[in-house]
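What follows is the residue order along each chain.
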Amino acid sequence: MATTPDTNAADAVASENASLQHINADYTERYGFHDAENYLYKAPKGLTRELVEKISEFKSEPQWMREFRLKALDHFLARPMPTWGSPSLAEVDFDEIHYFVRASERSERSWDDVPEDVKKTFDRLGIPEAERKFLAGVGAQYESEVVYHQVNEQLEAQGVIFTDMDTALREHEDLVKEYFATIIPPNDNKLAALNSAVWSGGSFVYVPPGVHVEMPLQAYFRINTENMGQFERTLILADEGSYVHYVEGCTAPTYSSDSLHSAVVELIAKPGARIRYTTVQNWSNNVFNLVTKRAVAETDATVEWVDCNLGSKLTMKYPSVYLMGERAHGEILSIAFAGHGQHQDAGGKIVHAAPNTTSNIFAKSISKDGGRSSYRGLLEVAKGAHGSKSKVVCDALLLDEDSRSDTYPTIRIGEDDVDVGHEATVSKVGEEQLFYLMSHGLGEEEASKLIVNGFIEPIVKELPMEYAVEMNRLIELQMEGSIG
Amino acid sequence: MADIIEICPLSELPPGARRIVEWEELEIGVFNCGGELFAIEDRCSHDDGPLAEGDFDPDTCTVECPRHGSLFDLRTGKPKTLPAYVPVDTFPVVVEDDIVKLEVD
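As you go down the protein sequences, you meet chains W and X in turn.
Last residue of the first sequence: 484 in our numbering, with the numbers rising by one and none dropped.
Last residue of the second sequence: 1105 in our numbering, with the numbers rising by one and none dropped.
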């Protein structure tokens, strides 16, 4: 029997709804599971000088790195907790965190050598499958350290280095020493100081001059244990005229007590290079996500941050680009989705430090079920950066009366000959929009989803297809049950 | 016309030592890097906070801003690390009759 197009469409909708129902079973089902703890080492809770020394000793680090860590610890202890951002920042209890957990002996280059239960976790998260299908390299971090790292052989032959930061320090010490912490010094802020003291894992990428890495490199960060602190450290160096796209994802089990993720990410785009850095942040709602990300773009270089924040209890993250060379370009595309109990304090910073530099910040936030989203941004044009152009657009969508959105834009212009624009909108999903869509046969929930999808589409379309699909799925998951 | 201001006898500013002096509206840090003398404005270009009292490394001839960690080259006044990106002012230092002197304008 032939099926009519209508039947097909109805089947498709039914099937999509069924799959959404399944997805909506809960975060725990898909990402929030946890493994048994068969660890080689798990530090007791709390941060001490002895622990910092022990981490350095475990990793057989050179003396300069050990001293770097200890000095950073002093900075961390001396600095007060920031009082801006979010009231829930005061809930972070640094004494209740495990600062270092070692799950496997070393970073492996074959999944077969990764401890079985850890491998199963990454299988369940689809990482090896994604690696086979569309990635040029993968790093997988479990708790404090990277358990698997592999890069396409052809890229390796071209001189591309993609490894975990601990290995980079051992095998490329001169390169690491030259650039490490030059973009984000340990004393930049309290959380950067903490990361500098206890950093472990993260990625190191070096792309030689003129090499274009066509497929993305991906890192996946997984927290398993309760009250975990994860402090990865990433440094990406794109040499002259090169290109690389780095993608990171993250998830954690759902626990009743809090974990802390505090990364430091430094990007350096040499003249004519381009770096795109994409994040799909999907931590469970008991993770404080307090991250410092900063990039430098030299002459004719481009840096793009595509920053999607869906998970976590509180995220405070403002990726920034310093345009240091003439005609450099910076781009920040940010999506934040704040649901019940969540605060997404996101945004971005651009500093025009050279003439004829250009930048865009496009930030979109959605708040529902009492969630709070904030846009916090800085646009600075230094004296002498004439001919610079920048556009900042931040839009917020509120899905109900209980939710909240704030905008904190700072603009500093030290030069007359510039072209700077700033637009901000806050809108509510209105009765009229819903009525219009529902009069065309959509249910209320579908209509709301459509409005939200249309709202974020300009940014989602910038993601590689596989991630755009994932992003839309995650947004739909967040939207489930929003009507009623 | 540049003014010359006297800082101190050279013996009071040995290698590895520093001194912060005031001149009119300015505060200036004078540093001895292994026998070579350098002077920079005591103001970080990042947020105008004090700079010269930060960690001083005579071996690399740098001072670290105590507020946000930018490392400044004392020879040139240029920041070697972010978040500062604008150089701070430098001043010529001379030693005459064993007295350290600063040229300011």
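I should point out that these hints are in silico values taken from the structure, not numbers from a laboratory.
Glycine residues also receive a C-beta, built at the ideal position from the N, C-alpha and C atoms.
One should not assume that every hint holds.
[Said to hold, decoys possible] Partial selection, computed: residues in chain X whose CB lies under 8 angstroms from chain W:
id: 1; residue: Cys-1033
id: 2; residue: His-1068
id: 3; residue: Gly-1069
id: 4; residue: Ser-1070
id: 5; residue: Leu-1071
id: 6; residue: Lys-1080
id: 7; residue: Thr-1081
id: 8; residue: Pro-1083
id: 9; residue: Val-1086
id: 10; residue: Val-1104
[What the hints assert, rightly or not] Distance windows between CB atoms, simulated:
id: 11; chain 1: W; residue 1: Glu-326; chain 2: X; residue 2: Val-1095; range: 38 to 48 angstroms
id: 12; chain 1: W; residue 1: Val-393; chain 2: X; residue 2: Ile-1020; range: 19 to 29 angstroms
id: 13; chain 1: W; residue 1: Val-393; chain 2: X; residue 2: Asp-1105; range: 42 to 52 angstroms
id: 14; chain 1: X; residue 1: Pro-1015; chain 2: W; residue 2: Glu-53; range: 37 to 47 angstroms
[As the list claims (entries may be wrong)] Here are some chain W residues the structure puts well away from chain X; computed CB gaps all over 12 angstroms:
id: 15; residue: Pro-186
id: 16; residue: His-329
id: 17; residue: Glu-480
Violated hints, by number in ascending order, as checked against the structure: Hints 1, 10, 12, 14, 15 are the ones this structure does not satisfy, whereas the remaining hints hold.
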